[in-house]
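Visitor: Residue 1 is where the sequence shown starts when you use our numbering, and the numbers rise one by one after that.
In case anyone wonders, no lab produced these hints; they're calculated from the structure. It is possible that part of the hints are untrue.
[As the list claims (entries may be wrong)] Cut-off 27 angstroms, straight-line C-alpha distance, at most; resulting in silico cross-link-like pairs (DSS-like, lysine-lysine): (1) K27 / K88; (2) K27 / K153; (3) K130 / K27; (4) K230 / K88; (5) K443 / K509; (6) K153 / K214; (7) K88 / K229; (8) K230 / K85; (9) K443 / K323; (10) K27 / K229; (11) K323 / K452; (12) K115 / K130; (13) K73 / K85; (14) K88 / K73; (15) K153 / K85; (16) K73 / K233; (17) K509 / K456; (18) K130 / K323.
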Amino acid sequence: MNIHSDLQKKIFLQGTVILSIAGIVTKLLSAGYRIPFQNIVGDIGFYIYQQIYPFYGVFLTLSTYGYPVIISKLLIISFEQQDYKRVKKVVVVSFLSLLVAGIVFCSVLYFFANKIAIIMGDPELTILIKVIAFSFLLMPFISVLRGYFQGQKNMVPTAVSQMVEQFVRVITILIFSILLVSHGYGMYATGAGALFGSITGGLTAIVILLIYYKQNNLLHTERPLIFNKKENKEIIRVLFTQGGLICISGMILILFQLVDSFTLYSLLISSDMSDVIAKGAKGVYDRGWPLIQLGTVVSTSISLSLIPIISSAYIRHNLQSIKEKVNLSIRISIVAGVGASVGLAFIIEPTNIMLFQNNQGTDVLRIQGFTILFSSLILTTSSIFQGMNNYIIPAISVVVALILKGLLNVLLVPILGTKGAAFATIISLLITVLFQYYLLYRKLRGSICRIKDVVKILEAAIVMGIGLYVYIHFTNLLLVFINNRLFSALQAITAVMIGIILFLFVIIKRQVFTQSELSIIPYGNKLAYFNRANKKLGD
């Protein structure tokens, strides 16, 4: 019996690792394709696509991270007890509930597309909103099938479907964009073609999940199911309350982009900016989101890996262990977030030219880069709360942040333009971080991050910043002789390597992490080696 239990645990842990890797790959694909896409369609084409992209982001979060997780929680005990009638009830009720929700989402977006586009300030976006509306009809199929497999602790179908879905979507976007642009179609038609990738990607995910389901169908029952009204209501309640709360806290960056979609362009127009210039300015501003997404994926991937350990300590009521792991998670998030944000601030100009062909909007992107730090901290802290079975605080935090973002956009954009929107993002995220940290401090009854560790991290950031400033300043002297995109790419890539080396050198030298902490961090054994070497040199 113990051998069987150990084997199940091993399979589950392997599946969790596979799902985590798939999540990282999916997010990298989701961020990375927007760089060549912008190169194909230009800033105005990118503005058009980015105005509607947040709607797809909502669909993706619901069908990947929200509802499948809750459905799997509803199923996991029934699978362990081999109560397949209960499994079927949960699957059927969840599917029908999400089907209704999907039809409602689709109908609202499709039939009110023109009104939504007018609120955004650009009626020509109507066709794009109608295209993206159909993706919500795929939500019940993808969510329920992924939840079904995750309830069996089988993460492979979810992982494979996620990666293939994004791959097919990205290929569709790039192929349609190239074909439509080369054949002289307008930017709005090209944007609609690109958004069709959400449909092709979603359908591919369903096909893959159905193939796995055909190999593993445990829902066949001899007798007809008897549905209990009270039980059905409970399933629906859990699905939409807990599922909704998990989704909201995980969608903070998507929802911030949605706020910008509804406010930024219209505010620029109302500030006496021409529509063409406003579209271009919003497109340049939107260059920051792929960089933010890439930076956030890297900075949270390690800190979030400790959440299961925190959950385990919470179940055992081990407050000391919880404090230690929370402190470590937040420290990792600060290290990665500060490193990415400060590093990007110093190398943003060559990076902008390398990725987006010119240096337009460099100052705005430099401000936006600090979103990586604050969003990473919010995502880490939200996950810590969820690991302790508190889903309400992260959701409330996000709602507060969105209200602040909207109000600050209205106040700052007419004065500062797109810089105002960037400052609005940073200020609202900072306030949200402080709010969450205060609540976490109260819950754990003590400090969750030592000031001396923050000082050490800032020392590392200063050393890295000085090194990058000197490197960029001297290599810029070569621009007199070489001034092209290839040189900017070489400058940016080498600067990234120099920055990482300088930053990690100080982090190791100042012993921000102990040997025992490094042993439980993914890839921490690599840093542990240098940490030991540093100690020997010190001795």
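Visitor: Are the hints correct? Go through all of them and say.
Guide: Structure-based check of all given hints:
Of the pairs offered as hints, the one joining K27 and K88 is violated, with about 32 angstroms between alpha carbons and a cut-off of 27 angstroms exceeded. Of the supplied pair hints, the one linking K27 and K153 holds, its CA atoms being roughly 22 angstroms apart against a limit of 27 angstroms. The straight-line distance between the Cα atoms of K130 and K27 is roughly 25 angstroms, inside the 27 angstroms bound, and the hint therefore holds. Between K230 and K88 the CA atoms are separated by roughly 16 angstroms; this keeps the pair inside 27 angstroms, and the hint holds.
Taking the CA atoms of K443 and K509, the gap is about 33 angstroms. The hint is violated against a cut of 27 angstroms. In summary, the hint linking K153 to K214 is supported, as the alpha carbons are separated by about 17 angstroms, within the 27 angstroms threshold. Distance check on the hinted pair: K88 and K229 sit about 15 angstroms apart at the alpha-carbon level, within 27 angstroms; holds. Our distance criterion of 27 angstroms between C-alpha atoms is met by K230 and K85, whose separation comes to about 16 angstroms.
Distance check on the hinted pair: K443 and K323 sit about 10 angstroms apart at the alpha-carbon level, within 27 angstroms; holds. Annotation: proposed proximity of K27 to K229 is violated, straight-line Cα distance about 39 angstroms (limit 27 angstroms). Under the criterion of a C-alpha separation no larger than 27 angstroms, the hint pairing K323 with K452 is consistent with the structure, at around 17 angstroms. About 12 angstroms separates the Cα atoms of K115 and K130, which keeps this hinted pair within 27 angstroms; it holds.
Between K73 and K85 the alpha-carbon distance is near 16 angstroms, which keeps this suggested pair within the 27 angstroms criterion. The hinted pair formed by K88 and K73 meets the criterion: a straight-line CA distance of about 14 angstroms does not exceed 27 angstroms. Restraint check: the Cα-Cα separation between K153 and K85 comes to about 18 angstroms, which is no more than 27 angstroms; the hinted pair holds. The straight-line distance between the Cα atoms of K73 and K233 is roughly 16 angstroms, inside the 27 angstroms bound, and the hint therefore holds.
Taking the CA atoms of K509 and K456, the gap is about 10 angstroms. The hint holds against a cut of 27 angstroms. The straight-line distance between the Cα atoms of K130 and K323 is roughly 48 angstroms, outside the 27 angstroms bound, and the hint therefore fails.
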